[in-house]
Amino acid sequence: MNKKTFSFFSICHQWIGLVGGWFLFIIFISGSISIFDKEITQWMQPELALYSPTKDVSTQALNQAYDSWKEYKDIRKNLIILPSARDPFIRVLHYQDELLQGVVIHPQEGNVIPARATGGGDFIDSLHRHLFIGRSIGGAIVLTIDIAFILILISGIVIYLPTLIKKLFFIYPKPKSLRFKSDLHTLIGIFFLPFLFVIAISGFLFLAPRYLPSTETKPHISAQHHKKTNADTRPDLFPLLAKAETYFGAMPSAIVFAKKEIRFMENDEARIARLKNYVAFDRNTMQQTSSSTPPTALSLLNKTLLGIHMVRAGDTILRIVFFLMGIGSSVLVAYGLLLFCNKKRNSVSSNTSMYKQYFYKTVEGINIGIIMGILIALVAFFWLNRLLPISLPQRLHWEITGFFSVFFIILITSILSTTCNKTYLTWISSIGFFSILCLFLPVLDIALCSSYLKAAIFNQHYLYIIMDSVIFFLGLIFLRLFFYIQSIGRK
Amino acid sequence: MFILVITINLISIFFLICALNVIRKRYNLANTSPTENLCYKSGFVILNCLSLLVCLYHWDNPGWLIWINLTSINAFIVALGLGFYPSIYIKWIGIKK
Numbered sequence: 001m002n003k004k005t006f007s008f009f010s011i012c013h014q015w016i017g018l019v020g021g022w023f024l025f026i027i028f029i030s031g032s033i034s035i036f037d038k039e040i041t042q043w044m045q046p047e048l049a050l051y052s053p054t055k056d057v058s059t060q061a062l063n064q065a066y067d068s069w070k071e072y073k074d075i076r077k078n079l080i081i082l083p084s085a086r087d088p089f090i091r092v093l094h095y096q097d098e099l100l101q102g103v104v105i106h107p108q109e110g111n112v113i114p115a116r117a118t119g120g121g122d123f124i125d126s127l128h129r130h131l132f133i134g135r136s137i138g139g140a141i142v143l144t145i146d147i148a149f150i151l152i153l154i155s156g157i158v159i160y161l162p163t164l165i166k167k168l169f170f171i172y173p174k175p176k177s178l179r180f181k182s183d184l185h186t187l188i189g190i191f192f193l194p195f196l197f198v199i200a201i202s203g204f205l206f207l208a209p210r211y212l213p214s215t216e217t218k219p220h221i222s223a224q225h226h227k228k229t230n231a232d233t234r235p236d237l238f239p240l241l242a243k244a245e246t247y248f249g250a251m252p253s254a255i256v257f258a259k260k261e262i263r264f265m266e267n268d269e270a271r272i273a274r275l276k277n278y279v280a281f282d283r284n285t286m287q288q289t290s291s292s293t294p295p296t297a298l299s300l301l302n303k304t305l306l307g308i309h310m311v312r313a314g315d316t317i318l319r320i321v322f323f324l325m326g327i328g329s330s331v332l333v334a335y336g337l338l339l340f341c342n343k344k345r346n347s348v349s350s351n352t353s354m355y356k357q358y359f360y361k362t363v364e365g366i367n368i369g370i371i372m373g374i375l376i377a378l379v380a381f382f383w384l385n386r387l388l389p390i391s392l393p394q395r396l397h398w399e400i401t402g403f404f405s406v407f408f409i410i411l412i413t414s415i416l417s418t419t420c421n422k423t424y425l426t427w428i429s430s431i432g433f434f435s436i437l438c439l440f441l442p443v444l445d446i447a448l449c450s451s452y453l454k455a456a457i458f459n460q461h462y463l464y465i466i467m468d469s470v471i472f473f474l475g476l477i478f479l480r481l482f483f484y485i486q487s488i489g490r491k
Numbered sequence: 492m493f494i495l496v497i498t499i500n501l502i503s504i505f506f507l508i509c510a511l512n513v514i515r516k517r518y519n520l521a522n523t524s525p526t527e528n529l530c531y532k533s534g535f536v537i538l539n540c541l542s543l544l545v546c547l548y549h550w551d552n553p554g555w556l557i558w559i560n561l562t563s564i565n566a567f568i569v570a571l572g573l574g575f576y577p578s579i580y581i582k583w584i585g586i587k588k
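As they're listed, the protein sequences go chains A and B.
For the first sequence, counting from 1, position 323 maps to 323 in the numbering used here; every step adds exactly one.
So the number in the numbering used here is just where the residue sits in the second sequence, counting from 1, plus 491.
The shape of chain A in the complex, shown without the other chains (with noise of 0.2 Å):
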């Protein structure tokens, strides 16, 4: 390769990296939280440890189901979703301001629980699919961010090929600061590339067929609520409901009513593919009307992609491995940003132009607050979810405006301080309040939800408690970084 060449895609990399790093961290940060985003709309309710988990569904429960969506279905996307291993409850949700909202029901005893309103998840999980700035301006962001990515992996590639072997296992004995952030850099991008390649590959099959003209006729769903029709009166539900298990030999995942049918949607859980399969009944005859056909080898393979980024299937193992996977990969974006800093700071001399040098500290600032921003964030998100009344007006909102103050304060406050030189004071009071945030909010937990967590022992469902040991855990992580950093600048 010429040395034209593998400059231009060593600046493309260090530039399209930079600038898309800051996109990335959050969209990747986001959605790997967002593998279990059921599971934290359940911490974020603890209102729900008081009944013990159940997938049986009684004829009265989805009778409330159905009067409950009723209220809202001139809505847009409305549905009921049906219990299932991982969220044990009936949920009417409906589309609007960006999030699925809703009541939630009691899937035996049929009652409406008086469950706190949340972004939960489904706030977090937004963040990832399209920033929370709105679904058409936030996916074409999240789209072009996604094409960037694309660019970055080979444009690495490409750099890092012909000295790829010896910077894999050559050995340091004492590694450097600079060296090791290269070298986990390096490491992290080789051995997650192909999950990187099918994350960023599917998450472009996601978003662009949406800025596409589209050759599909679209299914009569969101039209017909405005017509009156017969849809008032309330359809039997339950044989409905047994019917689409034994089709599926499975319990449907969701009910979505259109004009004259009623669609149950399959569990998607259960393959890999997302196939979107449904059954649909007649509103009147309670008869099979249509259902899906089977995908071309073509689709099937779009779909498979799909699957694997949304990690439906697999149970909790996948999740897990993928989270560590996402997890690994916001590691790689934020030492990439670390790296560019450094090589920076360190390339700045006298006679440097005080422009530059003052850029370099801005864009120093902007990766720590972004980084830490981010983080600081999502915790403080779940310390509103828990210190804000529950009887508050608009309370999911004041939980999401939480979420932005914290994280444009934080970003604000890291721009100021690192062009005032206080870079080591900006990281060490970031990671040390995170920290202590992570620590506490287990704490706050036991002493705001302690009866809840009783009931949750109590009916073992232990998923409140993994859940706060999840975020102990990482304050500990943190607090052992406060000190390591520390004990770097006292020498």
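FYI, nobody ran anything at the bench for these hints, they're computed from the structure.
Careful: at least some of the hints might be erroneous.
Reference excerpt, derived from the structure (chain A facing chain B, CB under 10 Å, subset only) [claimed, not checked]:
1) 183
2) 187
3) 204
4) 206
5) 315
Residues of chain B clear of chain A, computed beta-carbon distances all greater than 10 Å [as the list claims (entries may be wrong)]:
6) 534
7) 535
8) 561
Ranges between beta-carbon positions, derived for each pair [what the hints assert, rightly or not]:
9) A:201 with B:538: 28 to 36 Å
10) B:544 with A:393: 36 to 44 Å
11) A:300 with B:537: 27 to 35 Å
12) B:533 with A:473: 51 to 59 Å
13) B:544 with A:270: 45 to 53 Å
For each residue, glycine too, the CB sits at the ideal point set by N, CA and C.
Since chain A is already given, all that's left is putting chain B on it; use the hints.
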């Protein structure tokens, strides 16, 4: 997908061989018999295949997917270990510098 699995396996074997060679060179380790090398290589392949079989048996749905990602994580940990803590490897193979 199995072609992908095989490719990853081949690459990982290649990496492992390189790792052994680079470490040997760096620490001026004595050339051991080719049988030993063969032993490591075949051991690596057999263990990899075994892990795949275990994955396929235990997680019947996307066992291969779990295996690919677990292998990535494992290889990453091994590379980190070899890169930064070569003493573990040196002690393990039992050759003095």
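Against the structure, the hints:
{"no.": "1", "hint": "183", "verdict": "holds, 6 Å"}
{"no.": "2", "hint": "187", "verdict": "holds, 5 Å"}
{"no.": "3", "hint": "204", "verdict": "violated, 18 Å"}
{"no.": "4", "hint": "206", "verdict": "violated, 18 Å"}
{"no.": "5", "hint": "315", "verdict": "holds, 7 Å"}
{"no.": "6", "hint": "534", "verdict": "holds, 18 Å"}
{"no.": "7", "hint": "535", "verdict": "holds, 15 Å"}
{"no.": "8", "hint": "561", "verdict": "violated, 6 Å"}
{"no.": "9", "hint": "A:201 with B:538: 28 to 36 Å", "verdict": "holds, 30 Å"}
{"no.": "10", "hint": "B:544 with A:393: 36 to 44 Å", "verdict": "violated, 57 Å"}
{"no.": "11", "hint": "A:300 with B:537: 27 to 35 Å", "verdict": "holds, 33 Å"}
{"no.": "12", "hint": "B:533 with A:473: 51 to 59 Å", "verdict": "violated, 39 Å"}
{"no.": "13", "hint": "B:544 with A:270: 45 to 53 Å", "verdict": "violated, 23 Å"}
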